[in-house]
Amino acid sequence: MSASAVIRIIARRELAAYFESPVAYVFLVIFLLLAGFFTFTFGGFFERGEASLGAFFAWMPWLFLLLVPAVGMRLWSDERRLGTIELLLTLPVTTWQAILGKFLASWLFLVIALALTFPVVITVNVLGDPDNGVIACGYVGSVLLAGAYLALSCMTSALARSQVVSFIIAVMLCLILILVGFNPVTDLLARWASPSVVESVAGFSVLTHFDGLQNGVIDTRDVLYFLSVIAFALFTTDVIIRSHRAG
Amino acid sequence: MIKVENLSKAFGAKLAVDDVSFEVSKGEVVGFLGPNGAGKSTTMRMITGFIPPTCGKISVCGFNMLEDPIPGKRRIGYLPESAPSYQEMTVRSFLKFAAEIRGLRGEECRRAVQRAVETCFLESVYNQTIDTLSKGFRHRTCFAQAIIHDPEVLVMDEPTDGLDPNQKHEARTLIRRMGENKAIIFSTHILEEVEAVCTRAIIIDRGRIVANGTPQELKARSESGRLEDFFRAITLPDTAHAVKEAA
Ligand SMILES: Nc1ncnc2c1ncn2[C@@H]1O[C@H](COP(=O)(O)OP(=O)(O)O)[C@@H](O)[C@H]1O
Ligand SMILES: [Mg+2]
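Protein chains in written order, with numbering that gives the first Met the number 0: chain X, 0 to 246; chain B, 0 to 246.
These aren't lab readings, by the way, just hints derived from the structure by calculation. A portion of the hints provided could be inaccurate.
Said to hold, decoys possible - Which stretches of chain B does chain X cover? Using the computed rule of at least three CB atoms under 8 Å from a CB of chain X, they are:
1. 46-54
2. 81-89
3. 115-122
What the hints assert, rightly or not - Looking from chain X toward chain B, a few residues come up when the C-beta cut is under 10 Å (computed):
4. Ser-3
5. Ala-4
6. Ala-15
7. Leu-81
8. Glu-85
Please read these numbers as outputs of a predicted model, since none were measured by experiment. We put the CB at the ideal spot given by N, CA and C, even for glycine.
Please work from the sequences and hints to get the whole structure.
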C-alpha cells in the first residue's frame, strides 16, 4: 500500500475522532463566537469605515494561541495514555506516516473551522467593496499560522502523557513565538540591543511573518518560515516518539 | 515463522530481556510463561516492532523486523497487554479502520470485518462505541483487530486476562483452532491454559529463557509431574528477587 494511502487512512480516522466527540462542536462554536467578537467588537470593525477583514486577521495569532493547542493536545498524549500507540505503531505504518496522518487530520479540522467563518466574508462584501484577494491571502496566512501552532502542539503532546501539561507547554511555546515580534516587546528589547539583533530575534516571530500575509502580500520567505516551523516540530515529534519507544 | 536470536533489551541499567533466542513455526501454539516483570511483554513488543531491541535479531516470515519492519508487520496480528482500542469509535468503524490500514478494500474489507465480528461474537455490539462496552467485549474487539487480516503470525499478550470463565474457554478454543495454520505465541499466567492449548511452552525468568519444551516434557521434569511445580522450581518469586537485589 502506498504511503499516501496509509496517511489518508490514519488522517480519516483521526478526523472522524474529532467529530465523534462533542468537544469538536464546542470548539467550533467557541472559535466562531470569539472570532466574531474580536472582529466586530474589539477590532472596531464598524468604526474603521473600510471594507476589509483587517481586524479579523489581526486577532488570529492571539485567538489561535489558546484554541490550536486545545485541538492538538490530545494527538499523542491520548495515544500514550490509553496505550493505543502500541496498536498504531505495530500496524504496517511508519512513525512518520502516523505523525503526518494525525497532524494533517487536525490541520484539516482547523481549516474547516476557518472555512466556517465565511459569513464574515459575506458581511464585508455586502457592506462594502473589499479586496477579496487580500482576504484570500489572509486566509492562507491563517491556515499556515494554525499549522505552525498545531505542529508545536503535536510535539508537546508527544512529550507529555497528560493533555493539560501538553496544552500548557504548547501555549507557552506559541506565546514565545508571538512575543519575540510583538511591538511592546521589541521596543523594550531595542533599548539594550542593536537594531540588527532586535530584527533577527523578531525574525523568529509568527507576527513578523503573518503581517505580510494578512495584508495581502504572499512572500515566499514568510511561507517558508511557517513550513519550516511545521517541519521542525514534526521532526522533533518523531525524535520524541522514538526515544519513548527505545525506553 | 518467528525467529528471535540473541535478543536483549536494556532499560537504563536494567536488563529486561537478556540474550533470548527461540523460534515459533507454523502450526505451533507457544505459551510464553514467566513471573511478572520477567520480560514477556518487552519481548513481544520487540517482535511486533513497537520497541527497538538493544541488540539481537528478529525475523518474521523471513523478513527482518529491524531493518525493514513493514513487510513483517503486515503478517503479524498483535493483541497488546491491556487490549487498547480507540474508545470513541464504534466497533464497526474501529474494525473497518484496522482492515483498511492492512490494505483490505471494498468487498474484501467488508468480508474481513464480518468474519472477525462473527469469530469474536461481536454482532450484538457492532454499532456501539467502544467506551460503552464491558471489558470482555472490549478485549474481543481488540482481538478481532488482531485477526482481521488473517495473519500468518499471531502475538498475544495475556489474551485471557480479565475474561470470565466462559470467555476464557471460548478464547482457548479459538486459539487452538487458529493455531492449526498459524504461528502463535501468547503469554499467560494460567498454567492449565498452557496444557490445554499449547504445543510448546517457553518459560522466561528475569529476562532469560529457563525452559523451552512441550508441556509434557516440562511436566516430566518435575517430581510431582505438575507444570505448576516445575514453574515454581525454576523461577524465582519477585520477592526473592527483590531480596537478592537489595543484598
Ligand atoms: N518502558 C520501560 N522502561 C523501563 N523499564 C521497563 C519498561 N518496560 C518494562 N520495563 C521493565 O522491564 C521488566 C520486564 O517487564 P515486562 O516485559 O513488562 O514483564 P512481563 O510482561 O513479563 O511482566 C520489568 O522489570 C519492567 O519494570
Ligand atoms: Mg506483561
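Fill in: Those earlier numbered hints the structure runs against, lowest number first
3, 4
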